[in-house]
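A.B. asks: Each chain, letter by letter, is given below.
Protein chains: 2
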Amino acid sequence: MRRVAIALVHYPVLDGQGAVVTTAVTNLDVHDLSRSARTFGCTDYFVTHPIAAQRELCERILAHWTDGSSGRRIPDRREALTVLRVVESLDAAIDALGGRAVVEVWLTAARALGNTLTFAEARSRVEGEGSTILVVFGTGWGLASSVLAGGDALLEPIVAARGDYNHLSVRSACAIVLDRLLGAR
Amino acid sequence: MRRVAIALVHYPVLDGQGAVVTTAVTNLDVHDLSRSARTFGCTDYFVTHPIAAQRELCERILAHWTDGSSGRRIPDRREALTVLRVVESLDAAIDALGGRAVVEVWLTAARALGNTLTFAEARSRVEGEGSTILVVFGTGWGLASSVLAGGDALLEPIVAARGDYNHLSVRSACAIVLDRLLGAR
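Chains as they are written, first to last, in the working numbering: chain A, 1 to 185; chain B, 1 to 185.
Just so you know, these hints were derived from the structure itself, not from any lab. Ideal placement from N, C-alpha and C gives every residue a C-beta, glycine not left out. Fair warning: there could be bad hints in the mix.
Unchecked claim - What the simulated footprint calls covered on chain B by chain A, stretch by stretch (three residues with Cβ under 8 angstroms from a Cβ of chain A suffice, anywhere in the stretch; the number is not a length):
hint, segment
1, 32–42
2, 176–184
To be verified - Where chain B lies over chain A, by a calculated footprint (3+ residues, C-beta under 8 angstroms):
hint, segment
3, 12–25
4, 32–41
5, 82–94
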């Protein structure tokens, strides 16, 4: 089985009008994606943010739940947050995993944007042997095209059996993706 | 295919020490579970809370996103929140669906607590014909035993292919359960 890590990108992502923006850190994104990553056996959860004050906020949340009072109150949460890494950019996350040559970058989007990797195929790749896989999620209205152009694969969108509405939170989408790739079957 | 609804219970649930408590409403639970419910074709998402002021808070969030400025800013979110119903108790949710005789109540827990319904079997039941299914999630450390005793089935816990740590948020757990029951395969 291959090593899997995840990254949450706050820049460059799209806003509701399709403009490239930087989003603010959402506290529960820090928690929920850590908990999902740790539960499904991911080794790292990279929160990527270009603004130092936002990275410091993440580090303070992390410290509060590892060394602080909340970590003592909820040890399971402290354990979840051990996978959290706060970095400046997606490139920095890739570097932390050993560099672009040894990391397979899988991107996610809520809509089908060209050729996509099916979850069945993705799961069989995860279960095989090979280099580290980094699954990348966007905040806001999703990853900007400059990020989408730089990956090794684009995962198929999450689709429901009935209906064509899709407006999942990134917390929900990440949980579903990790379950489809790494959940017991 | 059967009608599926979900409920989020704030009382009676457990705290970290196993005591029965009432939890406070979390804003993102209102949003994320609405978005997951609407995406996967659930007809209703019942937020159940025994305290009137907490129910009013939910109604204010709902109004802000349906009639208020945020509803105009993000029409997809307004659409998600159309499934939200704020009620006093799980019984009130069941009554709103037609009463206990015509609702199948499926409970969820993070640990295996006796006989459980597998997701494979649950999915095939959803795809068949029959009465409305209400899938029930607990906040805090999960549903109290008095709730667990009153259901028709207990869904198997979400388990990862590797590792035995499980500390998902209710937002993540609900998303995964709905995907396993109602996601396209």
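A.B. asks: Take the hints in turn and mark each one as holding or not.
C.D. replies: Verification of the hints:
Look at the segment 32–42 of chain B against chain A: 7 of its residues bring a Cβ nearer than 8 angstroms to a Cβ of that chain, three or more, so the hint holds. Check result for the segment 176–184 of chain B against chain A: holds, 6 residues qualifying (beta carbon to beta carbon below 8 angstroms, three or more required). Requiring three or more residues with a Cβ within less than 8 angstroms of a Cβ of chain B, the coverage given for the segment 12–25 of chain A is violated, as only 1 such residues are present. Beta-carbon proximity to chain B at under 8 angstroms applies to 7 residues in the segment 32–41 of chain A; the threshold of 3 is reached and the given coverage holds.
Counting residues of the segment 82–94 of chain A whose CB falls under 8 angstroms from any CB of chain B gives 0; the rule of at least 3 is not met.
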